[in-house]
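J.: Listed below are the residues making up each chain.
2 protein chains.
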Amino acid sequence: MGTVNVAVGQSGGPTTVINSSLYGVIQESLRHKEQIDKIYGMINGIEGFIEGKVIELNKALNEEDRELLKHTPAAYLGSCRYKLPDSMSDSIYREIFSKFKELNIEYFIYIGGNDSMDTVHKLSMYAKLTNSSVRVIGVPKTIDNDLTITDHSPGYGSAAKYVAITVRDIVMDANVYDTKSVTIIELMGRHAGWITAASVLARKYKEDNPVLIYVPEVEFDVDQFVRRVKEELKKRNNLVICVSEGIKDKNGKFICEYSSEAGTDTFGHKMLTGCGKYLENIVKNELGVKVRSVELNVNQRCKAALASLTDIEEAVEAGRYGVQACLKGETGKMIAFIREDKEEYSIRLECVECAKVCNQEKVVPREWISEDGTDITNEFVDYVLPLIQGESSPVMEKGLPKYCYLP
Amino acid sequence: MGTVNVAVGQSGGPTTVINSSLYGVIQESLRHKEQIDKIYGMINGIEGFIEGKVIELNKALNEEDRELLKHTPAAYLGSCRYKLPDSMSDSIYREIFSKFKELNIEYFIYIGGNDSMDTVHKLSMYAKLTNSSVRVIGVPKTIDNDLTITDHSPGYGSAAKYVAITVRDIVMDANVYDTKSVTIIELMGRHAGWITAASVLARKYKEDNPVLIYVPEVEFDVDQFVRRVKEELKKRNNLVICVSEGIKDKNGKFICEYSSEAGTDTFGHKMLTGCGKYLENIVKNELGVKVRSVELNVNQRCKAALASLTDIEEAVEAGRYGVQACLKGETGKMIAFIREDKEEYSIRLECVECAKVCNQEKVVPREWISEDGTDITNEFVDYVLPLIQGESSPVMEKGLPKYCYLP
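For the record, the sequence lines run as chains A and B.
According to numbering that gives the first Met the number 0, the first sequence holds residues 0 to 406 in order.
According to numbering that gives the first Met the number 0, the second sequence holds residues 0 to 406 in order.
None of these hints come from the bench; they were simulated from the model.
Quick reminder that beta carbons are idealized off the backbone N, C-alpha and C, glycines included.
Just to be clear, a hint being listed does not mean it is correct.
[To be verified] With a Cα cut of at most 25 Å, we get these calculated BS3-like pairs of lysine-lysine: (1) 229(A) to 249(A); (2) 233(B) to 252(B); (3) 58(B) to 58(A); (4) 52(A) to 289(B).
[Unchecked claim] One side only, chain B facing chain A, incomplete, derived with CB under 8 Å: (5) 79; (6) 82; (7) 86; (8) 164; (9) 175; (10) 177; (11) 179; (12) 300; (13) 390.
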């Protein structure tokens, strides 16, 4: 039996370590020269592939480039937000599989989140229906940590670490004046509070800032919020509050919607902005104190120099495992992280059905949020702390990180 | 002759390395045990000192704490924004000097920016008028880099490095989709474009993003801006633009004032917010493309883990030199950095009259900005590049930076 080719693509929002998984796919493919020949990179995911945009990664990247790639944020191959049609008789499937055939692609590894697992599922279904031998595997990636079954997803650890470091720094900054002040930090997370919850790690001691943490898992009540801010300001000069972009009131309306119009993206997600700014104005008007709101924005998913080494290494392993799974004959599966029930943190990888993962959403368990909904419990800290361990060591050149990017 | 005591305070906005200068003051004071006994820290600057808030730094900080202090962002001692009255007959001066006498403080080192140098100048004037032997020295500190005479100020190098790294990361992030998009990054700088200019370092190659850079030194014209964005979007998919918070139109009106009300701080500075957001809306309305604005906010002055080692070391040296200057009998002076006219970057320290520094503002020379006012020249790159060299190595504990803070 001759060699076959592998294709790899990246999809959905970028993360700090999505390229670490790409690195893992490439390195593992290179280890299996008897089975795998070419490694095709899809430019801009499956959408770009349909348009014929591919790159031969064996040729494009030498060893030094690949090491840079491991520490390069955002998607080296470019990304897309593209939803495959539900109907398997849509011509797009024939097109994709004829391209697979043309390029002798037998293994396709898609690095992405929820929506990308939907793509993996559909392509593997189509392969089954048409008796194609093409195997399709999903490698998880999301800063939001909302993929089910897996203990966590690559990308989340680095986002959590960035948030913890940055909130700690902002707390230090907010403490310098001896006057009453409120700082509201708005963090990413439409429906799941995982990223925002990580701000609890910023505390240096009990009662330290951020004192209040609001996640979308709990109804947000503006009046209660204002009362709580008043109370806390009696106890301390400088109050730092962390809020998820996706906090909602009892009617399920996003708080940010009260201030700004919201558009929707291809997948029907609300495009959010500005609940921090909205609450800043409320506090300013109601309490008359100095208020600042800070939005960490895309920094949460691209600050490579502050990435978690654990996250990088796990992302690499997930990529490697994706190739191994293809070689073993798996298809329609996502690589999941199973946390071993041991004293010391330990993870094993497994293949799980994409069908069980896609179009699901894992939120922060209610019991990891304090009863009044303004704090995060120690159970969450135990969960998240292992994920942010270890420092990244990007290659620096003239004082700046050196990255790998498409020619 | 017996020993005397030294007082040190921090004032104005925090920076990543203001504590490195504090570390320098402490370390140098400890080296002169025959002349210097106690090291008093003023809590919340001269304002807190007037209220009697001091801490004995010899007692409060052991060697390990001091090493942490060197890498701790924000002001360990707390800060203030307090302007001393112009009239030397104001009772506040008598109060301050009687406290100096009470605590046997003969040397006072104030780490701060423009307004703090005004304090140094006034206190040294009062000492002269009253034949007091107290010596007052200013150690420069400002992320804005707007202090005159000195080649640059501690705090700026780290802000510049943070901006360069972060803009590079955001550019990577902005490039992932194959659709037209505009990203507007708003950077600090009310009147001087030094911080924003540093975004030019983010480019990995000629023509790379950020393609457009706008600083307050040049009049901003919204119509020209929109035209330029349209032009650039014809050439590329993803356009990243950096703007100073303080860009103004031909009437001298801040662009952000068009969207938001602006308050003023104690020194009569306009408190700005939101020109990035304002331009985001304009581009959205005029061009109908996907636009995002990102405000780096206080992260520019507190991200210790990404500080410039050169900046840290120079901040320490400036603090040390401040103590040496006091011992030599200098007063009313600020420590300035003079760049040596050599092939390799080299700095020597000097004392300059505070009177010549305070209430002045150094802006980016017009010839370091391109003629059309949308780019930064290589002369600026030559100036700034040495200031961002070297990586900081904060003590990490459980994956997070360990800081030194007031008990």
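J.: Under 8 Å is the threshold here; is the Cβ of residue 177(B) close enough to any Cβ of chain A for the hint to stand?
T.: holds, 4 Å
J.: Do the alpha carbons of residue 52(A) and residue 289(B) lie within 25 Å of each other, as the hint requires?
T.: Status holds; Cα separation ~23 Å.
J.: Are residue 175(B) and chain A close enough, Cβ to Cβ, to be under 8 Å, as the hint says?
T.: For residue 175(B), the interface hint holds, since the closest Cβ of chain A sits about 4 Å away, which is under 8 Å.
J.: Please verify whether residue 58(B) and residue 58(A) have alpha carbons no more than 25 Å apart.
T.: violated, 62 Å
J.: Given residue 86(B) was flagged as interface, is its beta-carbon under 8 Å from a beta-carbon of chain A?
T.: violated, 25 Å
J.: Would you check whether residue 79(B) satisfies its interface hint, that is, whether its CB is within less than 8 Å of any CB in chain A?
T.: holds, 7 Å
J.: Holds or violated: residue 300(B) as interface residue toward chain A, Cβ cutoff 8 Å?
T.: holds, 7 Å
J.: Regarding the hint that residue 179(B) lies at the interface with chain A, is the smallest CB-CB distance below 8 Å?
T.: violated, 14 Å
J.: Does the interface hint hold: is residue 390(B) within less than 8 Å of chain A, judged Cβ to Cβ?
T.: OK, holds: residue 390(B) within 8 Å of chain A, min 6 Å.
J.: Measuring from the C-beta of residue 164(B) to each C-beta in chain A, is the shortest one below 8 Å?
T.: holds, 6 Å
J.: Would you check whether residue 82(B) satisfies its interface hint, that is, whether its CB is within less than 8 Å of any CB in chain A?
T.: violated, 15 Å
J.: Would the pair residue 229(A) and residue 249(A) pass a check requiring their Cα atoms to be no farther apart than 25 Å?
T.: holds, 22 Å
Hint compliance for this structure: hints 2, 3, 6, 7 and 11 are not met, and every other hint is.
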